[in-house]
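Participant: Let the hints inform the model, and build the full structure from the sequences given.
Quick note: the sequence shown uses this note's numbering, first residue 1, plus one each step.
It is possible that some hints are incorrect.
[Unchecked claim] Computed cross-link-like contacts, DSSO-like style, restricted to lysine-lysine with a CA-CA straight-line distance of at most 27 angstroms:
#	residue 1	residue 2
1	K339	K376
2	K394	K373
3	K148	K188
4	K90	K339
5	K411	K339
6	K401	K331
7	K267	K331
8	K339	K409
9	K401	K339
10	K271	K188
11	K409	K376
12	K331	K314
13	K102	K271
14	K271	K90
15	K314	K207
16	K401	K411
17	K90	K102
[Unchecked claim] Label-pair ranges, simulated between beta-carbon atoms:
#	residue 1	residue 2	range
18	D353	Q245	29 to 35 angstroms
19	G49	S311	29 to 35 angstroms
20	S185	D73	47 to 53 angstroms
21	Q324	P297	23 to 29 angstroms
22	K186	D252	32 to 38 angstroms
23	N62	E209	34 to 40 angstroms
24	K394	D252	48 to 54 angstroms
25	G173	S315	54 to 60 angstroms
26	L184	S315	55 to 61 angstroms
27	T174	R400	32 to 38 angstroms
28	E341	G74	45 to 51 angstroms
Think of the hints as simulated: they come from the structure by calculation, not from any bench. If you're wondering where the values come from, they're calculated on a predicted model, not measured in any experiment. Even for Gly, the Cβ is constructed at its ideal location relative to N, Cα and C.
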Amino acid sequence: MESYMSFSKDMDEEYEKLIKRMNPPRVVINNESSKNATVIQVDSANRHGILLEVVQILTDLNLVITKAYISSDGGWFMDVFNVTDQDGNKITDEEILDFIQKSLGPDSSCLGTAVGVLPSTDYTTIELIGRDRSGLLSELTAVLSHLKCNVVNAEVWTHNTRAAAVMNITDQGTNSAIDDSERLSKIKKVLCNVLGGSSSTHSREAKTEVVTHVAAHAERRLHQMMYDDRDYEQVGDEEDEDERQRPNVSIDNWNDKDYSVVTIRCKDRPKLLFDTVCTLTDMQYVVFHGRVDAEGPEAYQEYYIRHVDGSPVKSEAERQRVIQCLEAAIKRRVSEGLKLELCTSDRAGLLSDVTRIFRENSLKVTQAEVTTKGGKAVNSFYVRDAYGYPVNAKTIDTIRKIIGQTILKVKANNSNERKQKVAQESQSGSLFGGLFKSRSFCNFGLVRSYS
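Facilitator: What follows is the structure, encoded as structure tokens:
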């Protein structure tokens with residue numbers, strides 16, 4: 001039986017390679033058809049998950065997707081994206097344009113493979129999830145520092161009383177991956193004890209895993225971990241949430257076409273498209289058609305979906321679950337608090353020292369991104385006070401004096417400025433025009449279907 005399964009898997013992989021050779025992806029990058037953005041069109045053989053792979057590549061380049069058109073009926077898909085850089089400008093850097101072409105085009109090693117990265121011999125990846133509380137990141141990094149581990153990269157999210165992290169760590173002495181099984185077992189045990197340190201009737205099990213298999217994309221893993229942890233289930237009083245900040249997600253069945261239509265309206269923010277597509281993909285839904293408009297302060301997304309078994313949303317319970325999961329996916333990455341950026345030479349225990357200073361000054365980290373490269377540490381933190389309120393300016397001044405005025409900076413969010421800039425520009429030259437003003441776009445004959 002095992003040899004048969006292996007043979008079947010090999011046959012499936014060879015079939016996918018054959019389809020890719022017969023229908024290689026085609027990428028067209030156009031800087032002329034839109035006044036405000038670079039237009040990227042991707043055509044390829046269709047399969048489940050390929051939309052997520054394309055969106056992931058674009059968002060990992062820190063490109064802002066202002067508009068998108070998605071169609072994947074039949075055996076072919078066509079996606080069109082209007083993208084800008086973080087300042088709202090067209091993409092003119094030849095290295096970036098060449099990377100997009102190679103990543104999405106016929107010679108791509110990215111499309112047609114699972115969304116993920118190979119295990120690294122340079123570091124060990126640890127995944128953590130547990131109950132959120134003030135000072136948790138400080139405690140975790142202090143433990144790692146005590147165990148002679150250095151955090152080289154990390155993503156930390158908090159949502160709905162839960163905290164999740166994907167951390168890449170090395171041995172402080174060798175600056176290489178940790179592969180001693182006894183030492184890794186001890187690290188897991190101690191971290192799990194820290195995660196489970198707050199007793200509560202709402203607490204779910206704390207989990208710590210060392211990743212030895214093919215590791216998924218860190219942000220996708222955070223979505224998967226928090227979804228598996230059921231962070232979409234409401235904890236506490238729903239009335240405490242500001243309704244103005246809550247995403248507006250609705251699902252209706254379009255019976256004539258046997259689709260479920262998902263509509264999302266919410267405040268725009270970076271990587272919103274990745275978060276919603278990631279969630280639909282991991283919930284085993286296929287996006288057949290869609291449109292995205294994020295040129296203003298509010299983002300609008302519309303997806304025509306079916307489950308992988310071919311059925312639309314079949315019950316009210318399923319409808320509510322999809323709505324809850326999409327709301328949670330959007331809110332997990334909402335940047336609550338003041339953004340602080342630390343840039344300095346990396347050293348052992350740096351992250352532990354910085355987060356300890358935050359904790360000692362009653363700051364709670366709601367989100368963090370830690371990166372080190374070439375001996376430099378560039379860490380971003382979103383912080384609030386211990387009770388979840390905005391931080392007092394005097395507290396920030398005190399912390400900056402301790403850490404260093406030039407090392408720790410308060411970062412302004414320039415997304416509003418970019419939105420204003422885009423809104424003032426004429427949209428008459430847009431490739432999309434009025435195409436998406438109604439749901440009838442599916443009948444315009446623009447969808448390429450291959451049998």
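Participant: Would you pick out the hints that fail for this structure and give their numbers low to high?
Facilitator: Going through the list in order, the structure violates hints 2, 6, 10, 15, 19, 22, 23 and 26 and respects the others.
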